[in-house]
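The numbering of the sequence shown is our numbering, which starts it at 1 and goes up by one.
Just so you know, these hints were derived from the structure itself, not from any lab.
Be aware that a few hints might be false.
Simulated crosslink set (DSS-like; lysine-lysine; CA at most 27 Å straight-line) [claimed, not checked]: (1) K148 <-> K70; (2) K78 <-> K98; (3) K104 <-> K148; (4) K104 <-> K78.
None of the values given here were measured: they were computed from a predicted structure.
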Amino acid sequence: MAMLLRYQPEHQSIMLKPLKNKVPKFKNNETTMNVYLCTGNSDKLMILSPLVRRKDVERRAWLVVQEIGKSHIEEVGKHSIMRRTGIPARDVRVLDPKLSHPSKILGRERAIVLNLEHVKAIVTATEMLILNPNDPGVAPFVSDLEHKLSNSDGSQPIVSRFSLHKS
Numbered sequence: 001m002a003m004l005l006r007y008q009p010e011h012q013s014i015m016l017k018p019l020k021n022k023v024p025k026f027k028n029n030e031t032t033m034n035v036y037l038c039t040g041n042s043d044k045l046m047i048l049s050p051l052v053r054r055k056d057v058e059r060r061a062w063l064v065v066q067e068i069g070k071s072h073i074e075e076v077g078k079h080s081i082m083r084r085t086g087i088p089a090r091d092v093r094v095l096d097p098k099l100s101h102p103s104k105i106l107g108r109e110r111a112i113v114l115n116l117e118h119v120k121a122i123v124t125a126t127e128m129l130i131l132n133p134n135d136p137g138v139a140p141f142v143s144d145l146e147h148k149l150s151n152s153d154g155s156q157p158i159v160s161r162f163s164l165h166k167s
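Produce the complete structure using the sequences and hints provided.
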């Protein structure tokens, strides 16, 4: 949708409203939002800044395990994960199954990022987000975690021993 931005010096204000006139066509096939500036003469429009919306934002399945042991699967994109956990894009990239990264545990201000063979997860103060929960290498870890959290009253730390086997 195109918007008309008009500066009104007599009122010292800026008016923003939807543009109803015919707007220039662009050669790309992406969904675009264009902002136009009216320069006194309403038939002269100048592009201020085109904003491009991405059509295909990849969404992945994440198992969200709450601190009380309840879990559910959510389909979310990486930007949503970044906002939710407060971690930067480079840390989300470490968890990308399409890219090869060595095993890591990254401590950040609001979260811990785990990349351990099959287990790729983000731990926050209230929940744990596990990528690819249906992976056969992740399933034993998830079931053990859910069992220990549901049996815990929160007064003592949960100690868990698990091993990762090469497949």
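Hints, one by one, checked against the model:
1. Taking the CA atoms of K148 and K70, the gap is near 11 Å; set against the 27 Å cutoff, the hint holds.
2. Only pairs whose Cα atoms come within 27 Å are accepted, and K78 paired with K98 is accepted, the gap being roughly 14 Å.
3. The hinted pair formed by K104 and K148 meets the criterion: a straight-line CA distance of about 24 Å does not exceed 27 Å.
4. The suggested pairing of K104 with K78 holds, with an alpha-carbon distance near 19 Å, which does not exceed 27 Å.
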